[in-house]
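Each residue of the sequence shown is one higher than the one before, starting from 0 at the first, in numbering that gives the first Met the number 0.
There's no promise every hint is true.
With beta-carbon atoms standing in for the labels, derived distance ranges [claimed, not checked]:
hint, residue 1, residue 2, range
1, Y112, Q77, 24 to 30 Å
2, A8, A100, 36 to 42 Å
3, A40, A81, 38 to 44 Å
4, P114, S22, 31 to 37 Å
5, L91, M4, 30 to 36 Å
6, G34, Q77, 29 to 35 Å
7, E11, S37, 15 to 21 Å
8, S22, E97, 32 to 38 Å
9, R71, E28, 16 to 22 Å
10, S22, G110, 53 to 59 Å
11, R116, R6, 51 to 57 Å
12, P114, Q77, 33 to 39 Å
13, S9, R116, 31 to 37 Å
Calculated directly from the structure, the hints in this document are not laboratory data.
Glycine included, every Cβ here is placed at the ideal spot set by N, Cα and C.
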Amino acid sequence: MAPTMSRYASRERAKEAFEMRASRHSWREIADRLGYRSVGAAQTAVARHVARERREPTTTTVEAHKFGVETRCRAMSQRFAAAFRNGDDDTLVALNREIRANEVELAKLGGYYAPDRVDVTVDTTPALATAEWLRQVREASAAAVSGGNPAALASAAEVIDAEVVR
Numbered sequence: 000m001a002p003t004m005s006r007y008a009s010r011e012r013a014k015e016a017f018e019m020r021a022s023r024h025s026w027r028e029i030a031d032r033l034g035y036r037s038v039g040a041a042q043t044a045v046a047r048h049v050a051r052e053r054r055e056p057t058t059t060t061v062e063a064h065k066f067g068v069e070t071r072c073r074a075m076s077q078r079f080a081a082a083f084r085n086g087d088d089d090t091l092v093a094l095n096r097e098i099r100a101n102e103v104e105l106a107k108l109g110g111y112y113a114p115d116r117v118d119v120t121v122d123t124t125p126a127l128a129t130a131e132w133l134r135q136v137r138e139a140s141a142a143a144v145s146g147g148n149p150a151a152l153a154s155a156a157e158v159i160d161a162e163v164v165r
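Please work from the sequences and hints to get the whole structure.
This is the structure we're talking about:
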């Protein structure tokens, strides 16, 4: 018969399994070290832990990645404070760059870098667009011929795009 443990102990073991997975341990190593019967049991425990803790429909992999980035960011922030106290500017610059990169990655994982939706609605037909273009060309060429205005002809030349085929 399998050993039983309290709900609290089971959840603590699942939390430890989650942290080990976030630290890049293999599922087999997690199962062996923490006493799970199989790799699948460890995976199920971690998935339930993530569902219980985050209450978001995200995958275990994303949550483990977030945990890893947050852990590294905390460690680097402590080293950053120590470098600041010691006046080590080179270390400050390097750590600041890494901390910023981690914060950007966390923002992306959190969805803050989602692109804005742009809705482009074209409410004209090709026939209307062609008619308007022809009207502008005629107007510009008439102004160039009657008034001798080369600027009007130049603006018409910018609009015209053609290819000569023989």
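Checked hints:
1. Y112 to Q77: 24 to 30 Å: Given a distance of about 27 Å, which is inside 24 to 30 Å, the answer is holds.
2. A8 to A100: 36 to 42 Å: 38 Å, holds
3. A40 to A81: 38 to 44 Å: Roughly 41 Å apart at Cβ, these two residues keep to the hinted range, so it holds.
4. P114 to S22: 31 to 37 Å: This hint holds: roughly 32 Å between Cβ atoms.
5. L91 to M4: 30 to 36 Å: 46 Å, violated
6. G34 to Q77: 29 to 35 Å: 32 Å, holds
7. E11 to S37: 15 to 21 Å: Holds: the Cβ-Cβ distance is about 20 Å, inside 15 to 21 Å.
8. S22 to E97: 32 to 38 Å: 18 Å, violated
9. R71 to E28: 16 to 22 Å: Hint holds: Cβ distance 21 Å, inside 16 to 22 Å.
10. S22 to G110: 53 to 59 Å: With a Cβ separation near 25 Å, S22 and G110 fall outside 53 to 59 Å, so the hint is violated.
11. R116 to R6: 51 to 57 Å: At roughly 44 Å between Cβ atoms, R6 and R116 fall outside 51 to 57 Å, so the hint is violated.
12. P114 to Q77: 33 to 39 Å: For P114 and Q77 the Cβ distance comes to about 34 Å; the hint holds.
13. S9 to R116: 31 to 37 Å: Distance hint for S9, R116 is violated at roughly 43 Å.
Checked against the numbered hints above, the structure violates hints 5, 8, 10, 11 and 13; every other hint is satisfied.
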